[in-house]
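Since each chain comes alone in its own frame, lean on the hints to assemble the complex.
For the protein sequence lines, the chains are A and B, in the order given.
So for the first sequence, the UniProt record's numbering puts the first residue at 1; every next one is plus one.
So for the second sequence, the UniProt record's numbering puts the first residue at 1; every next one is plus one.
Honestly, the hints are just simulated from the structure, not real lab data.
Computed from a predicted model, the values in this text were never measured in an experiment.
Hints may be right or wrong, so weigh each one.
Unchecked claim - Cut-off 20 Å, straight-line C-alpha distance, at most; resulting in silico cross-link-like pairs (EDC-like, lysine to aspartate or glutamate):
1. A:K144 with A:D209
2. A:K239 with A:E224
3. B:K137 with A:E132
4. A:K239 with A:E226
5. A:K103 with A:D86
6. A:K159 with A:E142
7. B:K137 with B:E122
8. A:K103 with B:E122
9. B:K137 with A:E142
Stated by the list, open to error - What follows is a set of in silico ranges between Cβ atoms, one per label pair, in the way DEER data are often shown:
10. B:W132 with A:G344: 55 to 63 Å
11. A:A155 with B:T214: 22 to 30 Å
12. A:E140 with B:T51: 39 to 47 Å
13. A:V244 with B:G45: 25 to 33 Å
14. B:T202 with A:E140: 41 to 49 Å
15. A:V244 with B:L48: 32 to 40 Å
16. A:R143 with B:T202: 43 to 51 Å
17. A:E140 with B:D117: 28 to 36 Å
18. A:E251 with B:V53: 51 to 59 Å
19. B:V53 with A:A155: 46 to 54 Å
20. B:L48 with A:A155: 36 to 44 Å
21. B:V53 with A:R34: 22 to 30 Å
22. A:S137 with B:G45: 29 to 37 Å
23. B:T131 with A:E16: 37 to 45 Å
Unchecked claim - These stretches of chain B come out as covered by chain A in the derived footprint (C-beta under 8 Å, 3 or more residues):
24. 111–123
25. 130–140
We treat Cβ as the ideally placed atom computed from N, Cα and C, and that holds for glycine.
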Amino acid sequence: MPVPGPLTAAHSTVTETPVITTTGLTKVYRSRGREVTALDGVDLHVREGEVYGVVGQSGAGKSTLIRCVNLLERPSSGTVTVAGQDLTALAGRGNRAGAELRKARSRIGMVFQHFNLLSSRTVQSNIELPLEILGVSGKERERKALELLDLVGLADKAKAYPGQLSGGQKQRVGIARALAGDPKVLLSDESTSALDPETTRSILQLLRDLNQQLGLTVLLITHEMEVVKTICDSAALMKGGRVVESGTVSELLATPGSELAAELFPVGGEPSGPDRTVVDVTFHGDAATQPVISQLSRTYNIDISILGAAMDTVCGKQVGRMRIELPGRFEENVVPIGFLREQGLQVDVADVNPAPAGALLKDGAK
Amino acid sequence: MTWAEMQPLLRDASLDTLFMVWWSTLYTILGGLPLGILLVLTDRGGLLQNTVVNKAVGVVVNLGRSLPFIVLMVWLIPFSRFVVGTSIGPSAAVVALAIGAIPFFARLVETALREVDHGLVEAVQSMGGGTWTVIFKVLLPQALPSVIAGLTTTVIALIGYSAMAGAVGGGGLGNLAIVYGYQRSETGLMNITIVLLIVIVTAVQLAGDLAVRTLARRGGRQAAPVGLRRLWTPARPAPKPAATVPAQAEAPEAVKSS
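One chain only, chain B, in its complex shape (with noise of 0.2 Å):
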C-alpha cells in the first residue's frame, strides 16, 4: 500500500476519531459534571441529602460502569436510532461513548468534589450563600484542578473507546488499525495508526496537565513540573512531598478510586 493510498484513509479515519471524541466529551460533561454534583450533595451529610435520589443516581452510575463498553455499545444501538436517526456511524457512536463516559466522569466529579474542604461550605453557609452560591462559588472552582485532570482521563479513555466504535461503523483510527491492520496485514498503516493514536493521546494529556499546573499556581501553591518536563528535570531530593504537591497528584488516585 502506497503512501498516496494510506493518506486518504489516515485522514479520514483522524478526523471521525475527532469528530467522535469531541462530541462526546462535550456529552460527557454535560451529563457527567451535574451527576457527579448531584452525587455529592445528596450523599449523607450533604447540603440536599437525600438517601433514595444518592442510592438511585448511585446505582445507574453502577450500572453504566459495570457493562463492557463494546456491549453498551450494542445494546444501545436503538437508542442511539432513536435519539440520532440512525444507528452507524460516527454520530451513533457518539451516543455509546457518551453514555459509556458519563458514568466514569461523574464519579470523578464526585471524588474531587468531596476533595474540598467542609470548611470553605460552612463558611460560605455562614455568608447566608445557599446551594447555588455554594456549588458555583465554592464547589466547582475549588475542585477545578482536580476536575480538568478527571477530564483529562475521560478523555483518554474516550480515544481508547472510540476504536470500538467500529463495531457499530463508527470508523476512526481504531478501526482503521483493525479492518487494514489485522483482516488485510497492513502493517505499515497499523504502525502509522497506531503513532497518531500515541501523538493525540499525549497531546491531550500534556494539555491537561498544563492546565491543571497553571490553575494550581494561581492559588500561590509549587506545582510539580508536568509532563515531558518530568523526564528531563534531576530528581530533586523530596522538597516536602504532601506539602507541596497540589492537585494533579490526587488524579491518578482519583482513576483508582472509581
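Isolated chain A (complex conformation) (with noise of 0.2 Å):
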C-alpha cells in the first residue's frame, strides 16, 4: 500500500462530472394515518471523484437520504441518477428489487455504522459475499478478497471471524466488502459514529486514501462536524427533510452568515474592554497561506489580539475563521479593516459588545 500523500493533492481527482444526482427527492411514511415527511424535495449533486458530507442532527433526514440513493428506501417521489443511470426509472412498483435495480445497486458500495458483517462468515467470506452474489467464480474471489485485505491494511485477518475484531478492524472489512464489486460510488451511512476518536481519523484517513487512489466518489453521512473538516471537499446541511445549505467548504466559508461554516468553524471571545473593535475573518482561498495578521500589526502600528480561533486544513487548504480585537472604536478602524478586505479575506464586525457574542451586523462597514 503506497504511502497516502499529502492532503494538498485533494482536490486533484475531482472533475465537473456528477455522478449522484436528486431531484426533487421527497419521501413520506404513513403509518395509522399519520403522515412523517423524512425528506421534503431534496436536490444533491455529487460531483465524480469529491468526498461529500451531509450533516445533520438526528431526524433531519440524513439516513433516510442515504438509502434512497440505492433506493433501500423508496422515494415517494423524485428521481435518483447515479453514474448516469436512472434508479428510480428501475425500481419497478412494490418493494421488491428487480434485477436491474440489483444490478446496479451491485455497483453502489455502502458502509454501516454497525459494521453489518456476518458473524458466522470469516473476513474474507463476508468480503467474498458481494463476489457471490455477482457469480464470480471461487478462485477469483479469493483473489479479490485477499487483494482488497491488503488495501485496508488487514492482509493478516482473512480466516478471523468479525467477533475477534476490533470496532476499526471491523469497519477496515466493512470497507473492504464494499469495495469488493468495483463500484464508482461508497455510501457511508454514519461509518465512524460507532468508533472512538482516534479509529475515526484513521478509517477516515483510508476513506480519503481510496479516494485519491480509486477515483472513488463517497457520498457520507454523519453527525460529526469533525468528519466534515477532516475529509469532505462538499458538504449540505439537512434540517427537517430539506437541505438548507450546501456546496464546497470554502463556498461555505465564503458565504457570509453560512450556519454550517459556522459550525465547522466556531469562533467566540468576548472584547476585553470598551472601545475595541471585535471582527471575525473568515480565511478560504489563498490568503490563508500569507501572514495577514502580523503584516496588518506592522503596517499600521496596531496592537492585536487573537480572541478565538478555529483554523484547519480542510482539502489541504488552510481555512477557518478568527476572532480578533482592534484597539479602537470601529470608526478609527475602517481603513486596517479595508486592508484585511483587500487581501481577499472575508470580514464581519462582530456586534459583540452589548448582544450576546456571535451576532454579525453583516457588512458592518457600509
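The following block contains the structure:
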C-alpha cells in the first residue's frame, strides 16, 4: 500500500461530472393515518471524485436520504441518478428489487454504522459475499478478497471471524466488502459514529486514500462536524428533511452567515474592554497562506489580540475563522478592516458589546 | 416377567420409537423450515410483505398448535390412510407426528429468524442480493444456532408425542409402558422403559447443545458451558451475562414465546 500523499493533492480527483444527482427527492412515511415527511424535495449534486458530506441532527433525514440513493428506501417522489443511470426508473412497483436494480446496486458500495458483517462467516468470506452474488468464480473471489484485505491493511485477518476484531478492524472489513464489486460510488452511513476518535481518524484517512487512489466518489452522512472538516470536499446541511445549505467547503466559508461554516469553525471570545472593535475574519482560498495578521499589525502599527480562532486544513487548504480585537472604536478601524478585505478575506464586524457574542452585523463597514 | 422376555419387547419398542422420531423429524424440518421462513418474509416490513398469505399461514399454524395431539392423531386417521396406505402402525403415526410438529417447529424457526439483525439483510440488499440470497446467505446461516436449538426442543417434544402413538397402534416405548406397566402392572418393565426414554432425551439434548455451542464458537463468541458440564462448573461471578451468553440462551425463551 503506497504511503498516503499529502492532503494538499485533495482536489486533484474532483471533476465536474455529476455522479449522484437527486431531484425533488421526497419521502413520506405513512403509519396509522399519520404522515411523516422525512425528505422534502432534496436536490443533491455530487461530483465525480469528491467526498461529499451530509450533516444534520438526528431526525433531519440524512439516513433516509442515503438509503434513497441506492433505493433501500423507495422515495415517494423525485428521481435518483447514479453514474448516469436513473435508478428510480428501475425500481418498479412494490418493495422487491428487480434484477436491473440489483445489478445497479452492486456497483454502489455501502458502509454502515454497525458494520453489518455476518458473524457466521470469516472476514475473507464476508468480503467474498458480494462477489458470490455477482457470480464470480471461487478462485477469482479469493484473489480479489485478499487483494482488498491488503488494501485496507488487514492482510493477516483473512481467516478471523468478525467477533474477534475490534470496531475499527470491523469497519475496515466493511469497507473492503463495499469495494468488492468495484463500485464508482461509496455510500457511508455514519460509518465512524460507533468508533472512538482515534479509530475514526484512521478510518477517515482510509476513505480519503481510497478516494485518491481509486478515484472513488464518497457520499457520507454524519452528525460529526469533525468528519466533514477532515475529509469532505463539499458538504450539505440538512434540517427537517430539507437541504438548507450546500456547496464546497470554501464556498460555504465564503457565504456570509453560513450556518455550516459557523458550525465547522466556531469562534467565540469577548472584547477585553470598551472602545474595542471585534472583527471576525474568515480565511478561504489563497490569502490563508499569507501571514495577514502580522502584516496588518506592522503596516498600521496597531496591537491585535486574537480572541478566538478555528483554523484547519480542509482539503489541503488553510481555512477557518478567527476573531480578532483591534484597539479603538469601529470608526477608527475602517482603514485596517479595508486592508484585510483587500487581502481577499471576508471580514464581519462582530457586535459583541451589548448583544451576546456571535450576532454579526453583516457588512457593518458599509 | 424375566429379562429374556422383556428384551425383545424393549428392542422392538425402541426401534419403533427411533423410527417414528427419525422420520417425523425429517418431515418436520421439510415442512416447518419453509413455513417459518414464509412467516418471517410475508410479515409487515418483510421482504415479501403479504398480509393475506401471512395471516393465512398464521391461522393454519395456530390451528395445528391448538389441537391436543391425541385428538389430532385420531382426526388424521383418514389422512394417514390416504398418505401411507394404512391407518395403524408406526408409519401412520409418523404422518400424525409430523403434522403435529410442523407448526410447532415453524414458530420456533420464525422466532430464530426474527432475531437476525435487519442491518445484515440491508447490507446484502445493498450488494444487489435478492430474496433467495437473503434467505440462504443471511437468514439461515445467521440463525442456525437458534434453529438447531429449536430443533432439539422439537425432537424432544416428538419423543413425548410418540408415546401417544399407541392410540393408533404405533408401538414404541411409550405404548409399551402403558400396555405392560399400567394395564398388566409390570412395574419393572415400565421402569426400564422410563430409563430408556430419559437416556434418549438426554442424548438428544446433549447433541443439540453441542451443535449449538460449536456453531456459536465459530463466530468467535464465548459460549456458556453446555449440558452435563453445567453441573460441575462452579458458579462464576457473573461474567457480563448479556454480552457473553450467545444463541442457546435464546432457546428456552423461544419455547415460551411460541
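Evaluated hints:
{"no.": "1", "hint": "A:K144 with A:D209", "verdict": "19 Å, holds"}
{"no.": "2", "hint": "A:K239 with A:E224", "verdict": "15 Å, holds"}
{"no.": "3", "hint": "B:K137 with A:E132", "verdict": "10 Å, holds"}
{"no.": "4", "hint": "A:K239 with A:E226", "verdict": "19 Å, holds"}
{"no.": "5", "hint": "A:K103 with A:D86", "verdict": "13 Å, holds"}
{"no.": "6", "hint": "A:K159 with A:E142", "verdict": "12 Å, holds"}
{"no.": "7", "hint": "B:K137 with B:E122", "verdict": "12 Å, holds"}
{"no.": "8", "hint": "A:K103 with B:E122", "verdict": "15 Å, holds"}
{"no.": "9", "hint": "B:K137 with A:E142", "verdict": "17 Å, holds"}
{"no.": "10", "hint": "B:W132 with A:G344: 55 to 63 Å", "verdict": "60 Å, holds"}
{"no.": "11", "hint": "A:A155 with B:T214: 22 to 30 Å", "verdict": "28 Å, holds"}
{"no.": "12", "hint": "A:E140 with B:T51: 39 to 47 Å", "verdict": "43 Å, holds"}
{"no.": "13", "hint": "A:V244 with B:G45: 25 to 33 Å", "verdict": "31 Å, holds"}
{"no.": "14", "hint": "B:T202 with A:E140: 41 to 49 Å", "verdict": "48 Å, holds"}
{"no.": "15", "hint": "A:V244 with B:L48: 32 to 40 Å", "verdict": "38 Å, holds"}
{"no.": "16", "hint": "A:R143 with B:T202: 43 to 51 Å", "verdict": "48 Å, holds"}
{"no.": "17", "hint": "A:E140 with B:D117: 28 to 36 Å", "verdict": "29 Å, holds"}
{"no.": "18", "hint": "A:E251 with B:V53: 51 to 59 Å", "verdict": "53 Å, holds"}
{"no.": "19", "hint": "B:V53 with A:A155: 46 to 54 Å", "verdict": "47 Å, holds"}
{"no.": "20", "hint": "B:L48 with A:A155: 36 to 44 Å", "verdict": "40 Å, holds"}
{"no.": "21", "hint": "B:V53 with A:R34: 22 to 30 Å", "verdict": "27 Å, holds"}
{"no.": "22", "hint": "A:S137 with B:G45: 29 to 37 Å", "verdict": "35 Å, holds"}
{"no.": "23", "hint": "B:T131 with A:E16: 37 to 45 Å", "verdict": "39 Å, holds"}
{"no.": "24", "hint": "111–123", "verdict": "holds (count 5)"}
{"no.": "25", "hint": "130–140", "verdict": "holds (count 5)"}
Going through the hint list in order, the structure satisfies each hint without exception.
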